[in-house]
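Student: Given chain L's structure and the hints, the job is docking chain B onto it.
Number of protein chains: 2
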Amino acid sequence: VFKARMGLGATRSSGRCPCPWQCSLNWITFKGWVRSVRSQKEVLFLHINDGSSLESLQVVADPSLEKRDLTFGSAVEVQGKLVKSPHKMQNMELQAETIHVVGPCDIWSFPLKMKERHPLEYVRQFPHLRCRNNTLGALLRIRSEATASIHSFFQDNGYVHIHTPIITSNDCEGAGELFQIEAKESVEKSHFFNVPAFLTVSGQLHLEVMAGAFTHVFTFGPTFRAENSQSRRHLAEFYMVEAELSFTESLQDIMQVMEDLFKTVTSTVLSKCPRDVELFHKYVAPAQKVMHVTGKNCNPVIISYSEAVEILKQAPQTFTFKPEWGCDLQTEHEKYLVKHCGEVPVFVVNYPYDLKPFYMRDNEDGPQHTVAAVDLLVPGVGELCGGSLREERLPFLESRLQRYLDLRKFGSVPHGGFGMGFERYLQYILGVDNIKDVIPFPRFSHSCLL
Amino acid sequence: VFKARMGLGATRSSGRCPCPWQCSLNWITFKGWVRSVRSQKEVLFLHINDGSSLESLQVVADPSLEKRDLTFGSAVEVQGKLVKSPHKMQNMELQAETIHVVGPCDIWSFPLKMKERHPLEYVRQFPHLRCRNNTLGALLRIRSEATASIHSFFQDNGYVHIHTPIITSNDCEGAGELFQIEAKESVEKSHFFNVPAFLTVSGQLHLEVMAGAFTHVFTFGPTFRAENSQSRRHLAEFYMVEAELSFTESLQDIMQVMEDLFKTVTSTVLSKCPRDVELFHKYVAPAQKVMHVTGKNCNPVIISYSEAVEILKQAPQTFTFKPEWGCDLQTEHEKYLVKHCGEVPVFVVNYPYDLKPFYMRDNEDGPQHTVAAVDLLVPGVGELCGGSLREERLPFLESRLQRYLDLRKFGSVPHGGFGMGFERYLQYILGVDNIKDVIPFPRFSHSCLL
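Chains as they are written, first to last, in the working numbering: chain L, 1 to 450; chain B, 1001 to 1450.
Read the hints as simulated data drawn from the structure, not as lab findings. The structure presented is a predicted model; accordingly, all values stated were derived computationally and were not measured.
Once the Cα atoms are required to be at most 30 Å apart in a straight line, the calculated DSS-like pairs of lysine-lysine come out as:
hint, chain 1, residue 1, chain 2, residue 2
1, B, Lys1041, B, Lys1084
2, B, Lys1263, L, Lys272
3, L, Lys88, L, Lys282
4, L, Lys409, B, Lys1115
5, L, Lys272, B, Lys1272
6, B, Lys1184, L, Lys356
7, L, Lys409, B, Lys1067
8, L, Lys115, L, Lys282
9, L, Lys115, B, Lys1409
10, L, Lys263, L, Lys335
11, B, Lys1409, L, Lys113
12, B, Lys1115, B, Lys1272
13, B, Lys1113, L, Lys409
14, B, Lys1356, L, Lys184
15, L, Lys184, B, Lys1184
16, B, Lys1272, L, Lys263
17, B, Lys1272, B, Lys1088
18, L, Lys67, B, Lys1409
Now the in silico label distances, taken between C-beta atoms and shown as ranges:
hint, chain 1, residue 1, chain 2, residue 2, range
19, L, Ile107, B, Pro1395, 17 to 23 Å
20, L, Lys113, B, Glu1383, 42 to 48 Å
21, B, Glu1398, L, Asp328, 52 to 58 Å
22, L, Asn194, B, Ser1306, 43 to 49 Å
23, B, Gly1326, L, Glu182, 32 to 38 Å
24, B, Leu1355, L, Arg393, 58 to 64 Å
25, L, Glu116, B, Asp1253, 31 to 37 Å
26, L, Gln368, B, Asn1194, 45 to 51 Å
27, L, Glu185, B, Glu1310, 34 to 40 Å
28, L, Asp253, B, Asp1362, 55 to 61 Å
29, B, Leu1355, L, Asp106, 28 to 34 Å
All C-beta atoms in this analysis are idealised placements derived from N, C-alpha and C, irrespective of residue type, glycine included.
Chain L with its partners taken away, still in its complex shape (with noise of 0.2 Å):
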């Protein structure tokens, strides 16, 4: 409970209260880094903030105690009392007795500045640092517990959860987009593995494997494109939340899935980081852009990919591609039906047999010939989920990879799964333009820093 109200910097001090009773209730070990530092002629005020929260702890000493490297950015060790303040602004005040400098900053060399609020592209330059930034802070306590959350879901419902390879002599997705590795000093001409060997783009066929001994499964780990991009959209790492789910015939299951997972994170982020994610629908986003997350009525609407094009064609704007059954949908088209089903996640489902890879299920329908498949396209983000029923007839899959056909041949279900990109995810919840700023250390084409 301690711990819990003052963050993890708060330790039961091993020392005494100096006062005549020599109460030890309140009386505290704090440490932290000096967030403000402001000296006045009969008091000292500092805030101390230890990471476990946006909010700082202010100290109350004597003028006395200050010192020469006492700066903002210095980390510091404060014994005293805590008490209730006296003030609106917060529940407690830390009066200190003695203030131990631990390590000093140097302000003059130190990038960031108090008080300021430094924007995204300025902090990004310190891959180093930028955890000091209250912005970064934030997203880096909120993308903690989303993970959390992640894992919690799929195991509260009875999910095994898999590590699916990173190296892998596969292409899933059969993009040309990949990054070969090789050992650095190879002793042989040969491939390290024999075979040339990739970074994983998804995770997808390693589920399929487990899928056949488990009904439900889940992974949640990184992969890789290595897209010639600096794009606000695109990263060369990233990280993708992906399930696969035996004995389901219908794309319903997989979109309640989806729609569970995105909720029930949702929930739990909006309810542990409450200040955390205020900064950011306050600081960070447009106003507009994170009503859908935290207002009640977020019920996503489903429409076919047919429906799809003829909403596009009925559109009153001119759209750079051309919307046309067969094509693509393009991220101005995917925008474009956001806002029309009032700016509320979209599932598009049934897409054209051409248009998806080999493994998504036949509709055998027609003339438009399509497939299981569903994309959750969400407002300011585009694509955030992709999922499909998976073809778990033999025949229909014949002529294909040996392995992936196999998998079919001993005791075959019908099963389903999707993906959803982390990333992205949280660049939705949280209104971020910019995908660099949602994750901890960015790669992209040119930029691999630290």
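Tutor: Chain B only, in chain L's frame:
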């Protein structure tokens, strides 16, 4: 409750019990894979497993329901009534009304055979099917529980989870055994990231960055070594739990976290997957190996490196590597030390200054100069965790990496941390000899299947 008891394959059927009262209470649909078929004159017995536990559900049916493709390995949906079993071996059994073979299994080409206890070496050949094996199934459930428990342990103790990067331009340990990465289809002659980029060998540096803003941080992700080894101890891709604690001035604090982590995760695994663990302790591990994990009396011993060398020097046995102060402890030494201490976990602290990397904290002792480093050695595995206090004093670090120094300039604090090999942890608690058998998709030199 219903699903928890019955496994995830069980769903209440939308159908109705055909009894005159149409009771729907125990009328269920159970989905899973056939583990055994036993056909008697009067009755047909099946065992169906849905992967949620080692136990299969016994299905009792009229022999008329048997069909040709109802074989070992096939996927089925069974509808019927769940009743108390008259047999001692199981609680419940399912009296089948209908049996539907969802996916047949070609038993002649299926490499797993009914009721056979295949050796781990055998199933390792089938990366896409080995999860159907009992032992691997149990391992994957245990791995999943351990993963969830590691996340909960740190979250409950106020740690912020950080996704440390997989791709990095640094080489934390200064080791040569790196994997280098490059875009497969480089458009330009230059590097994708402008600089040579590698797969991470440790998240420590990035956690240290974060320990400058949060008092407690952790990461749990893949790490890589391009070690040209096929040994039972090495993988090219493995998982590591790493933690970093700020404002920490004693190795004792670090050791306490290691011990708490180990005990918490292990007791969770033992209580959540008792049958799965039992399988390993009964059939896979030599009995004496796992005593210390399940036994109550497994408190670790702490000895200094200097004491360890003395113990080794006085050992009645001859070592391949002669023990000598200033030399690294070899596997044979570690084994002897663990045995000498009574086959319990052993912390070895304060290693020679010249043996350890630059970032470990100088103990400023002499003439035998040491650093505040700690290794945790465990029976059967050897080194399970390694940690240290980090050198937080700028002058001690001068002439090193500029960014590493920067971290010490702006509010540097005494801190320390450690890493635990997740596969080694699983080997230890389960008594598994070969590291390839505790990871879903093992990668090692000359092998990257699937």
